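Engineer: So the sequences go chain by chain: A and B.
Read left to right, the first sequence gives residues 1 to 232 (full-length UniProt numbering).
Read left to right, the second sequence gives residues 1 to 117 (full-length UniProt numbering).
Be a bit skeptical, because a hint or two may be false.
Taking lysine-lysine and the DSBU-like style, the derived pairs with C-alpha atoms no more than 35 angstroms apart in a straight line are [claimed, not checked]:
1. B/Lys7 <-> A/Lys225
2. A/Lys104 <-> A/Lys137
3. A/Lys104 <-> A/Lys225
4. A/Lys114 <-> A/Lys190
5. B/Lys7 <-> A/Lys230
6. A/Lys137 <-> B/Lys7
7. B/Lys7 <-> A/Lys184
8. B/Lys42 <-> A/Lys213
9. A/Lys114 <-> B/Lys7
10. A/Lys104 <-> B/Lys7
11. A/Lys133 <-> B/Lys7
12. A/Lys184 <-> A/Lys133
What follows is a list of derived Cβ distance ranges for each label pair [stated by the list, open to error]:
13. A/Ser232 <-> B/Gly71: 44 to 54 angstroms
14. B/Ala68 <-> A/Leu138: 31 to 41 angstroms
15. A/Ala119 <-> B/Leu94: 41 to 51 angstroms
16. A/Thr120 <-> B/Ala68: 42 to 52 angstroms
17. B/Ile17 <-> A/Thr120: 35 to 45 angstroms
18. A/Leu138 <-> B/Ile14: 27 to 37 angstroms
19. A/Pro121 <-> B/Ile99: 53 to 63 angstroms
20. A/Asp162 <-> B/Phe23: 51 to 61 angstroms
21. A/Pro121 <-> B/Leu91: 43 to 53 angstroms
22. A/Arg135 <-> B/Gly62: 41 to 51 angstroms
23. A/Ser232 <-> B/Phe61: 58 to 68 angstroms
24. A/Lys69 <-> B/Ile101: 42 to 52 angstroms
Stretch-level coverage of chain B by chain A, calculated; a stretch enters the list once three of its residues show a Cβ under 8 angstroms from a Cβ in chain A [to be verified]:
25. 22-29
26. 77-89
If you're looking for bench data, these hints aren't it; they were derived computationally from the structure.
All values derive from a computational prediction rather than experimental measurement.
We put the CB at the ideal spot given by N, CA and C, even for glycine.
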Amino acid sequence: MKLIINRYNPENDQAPYEQFFEVDDALIQPDTMLLEVLQMVREQDPSLGFRSSCQEGVCGSDGMNVNGKNHLSCITPVTSLKQPIVIKPLPGLPIIKDLIIDMKLFYQQYQDVKPFLQATPLNPSQEHLQTPKERAKLDGSYECILCGCCSTSCPSFWWNPDQFSGPAALLAASRFVIDSRDIKHIERLKELDSPTKTFRCRHIQNCTDACPKGLNPSRAIQELKSIMVKES
Amino acid sequence: MQLTGVKAHIWQRISAIYLALYFPLLFWQSHSINLLETPSFKNWIEQVFTPAFTLASLLAFGLLISHAWVGLRDIMIDYLPANRVRFWLWLYALFLSFICIDVIALIAWAVIPAFQP
Numbered sequence: 001m002k003l004i005i006n007r008y009n010p011e012n013d014q015a016p017y018e019q020f021f022e023v024d025d026a027l028i029q030p031d032t033m034l035l036e037v038l039q040m041v042r043e044q045d046p047s048l049g050f051r052s053s054c055q056e057g058v059c060g061s062d063g064m065n066v067n068g069k070n071h072l073s074c075i076t077p078v079t080s081l082k083q084p085i086v087i088k089p090l091p092g093l094p095i096i097k098d099l100i101i102d103m104k105l106f107y108q109q110y111q112d113v114k115p116f117l118q119a120t121p122l123n124p125s126q127e128h129l130q131t132p133k134e135r136a137k138l139d140g141s142y143e144c145i146l147c148g149c150c151s152t153s154c155p156s157f158w159w160n161p162d163q164f165s166g167p168a169a170l171l172a173a174s175r176f177v178i179d180s181r182d183i184k185h186i187e188r189l190k191e192l193d194s195p196t197k198t199f200r201c202r203h204i205q206n207c208t209d210a211c212p213k214g215l216n217p218s219r220a221i222q223e224l225k226s227i228m229v230k231e232s
Numbered sequence: 001m002q003l004t005g006v007k008a009h010i011w012q013r014i015s016a017i018y019l020a021l022y023f024p025l026l027f028w029q030s031h032s033i034n035l036l037e038t039p040s041f042k043n044w045i046e047q048v049f050t051p052a053f054t055l056a057s058l059l060a061f062g063l064l065i066s067h068a069w070v071g072l073r074d075i076m077i078d079y080l081p082a083n084r085v086r087f088w089l090w091l092y093a094l095f096l097s098f099i100c101i102d103v104i105a106l107i108a109w110a111v112i113p114a115f116q117p
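Only chain A is shown next, with the shape it has when bound in the complex (with noise of 0.2 angstroms):
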């Protein structure tokens, strides 16, 4: 198996390069995923770096561009994809080193539009309480498992990073935007209402397309986009 990695280390490289590995089609079964052949390429250089924690698919760590499409490694067969393996870090964020990518703005998005609830005071004799169907409503929005695929696959968030909240941001933004438990539906609207926030999205689904869950971050945003028009 033939596989083109993106290297760089900034304190040795002037620029990233691309590195040419191979791995013995010996040890690939059907059902071999792509971090195990790069845990397999870290034996032959120990100096490859990228991230992974809970390698089943939950934790998100190990987002990485593959063929030119964002995926998380530890769910993507190999035989799945088209040799050689092109294999990149995930796009329009700084690298720290070879896949590994600085997710500080990601994060830092994430924080802003507040994702979590806030509700009324909690009585402790009693839960916050749902109806079924309100709480079918958050069916879509909250599996996020902010990996960071769809964001860094999003051009308007590559160019500003910093302005435009991402589809992961905003899918969060809208999971607590149309919870019925929460209380500060007006004032999170006002806060996402921006040309730079919200309005950025273009819905050209490039998010919806590399979301490892099968999340819908675009539909996401059209209905929160839908909300904040029906309330202003």
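We have chain A; now place chain B onto it with these hints.
Structural biologist: Same frame as chain A, now just chain B:
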């Protein structure tokens, strides 16, 4: 320049719908007139710009300017260096203002006299 995201979004949609209806109507108005007997600008103005259509056209012009403002403003915010965006937006607003003044002057100079007996 101080438009919020949602207001700009609403104006963009309203203007798009109106202009999508207006331009076929303008084409229809221009297509259906008879200029063969007396082909002149005055004659064209008189036949196309009936009082109702003149009002619709003025509204279309206003909405076209607002549509152009929001559309190019968004592109400028996206692609121009952030430290110079305000200057270029200001210049663009000035450019649109000149177009407005130009059209008002055209109406005063050519359209209004065309309706004079």
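Engineer: Output the indices of the hints that this structure fails to meet, ascending.
Structural biologist: As far as the earlier hints go, 8, 13, 20, 23 and 25 are violated by this structure, in ascending order.
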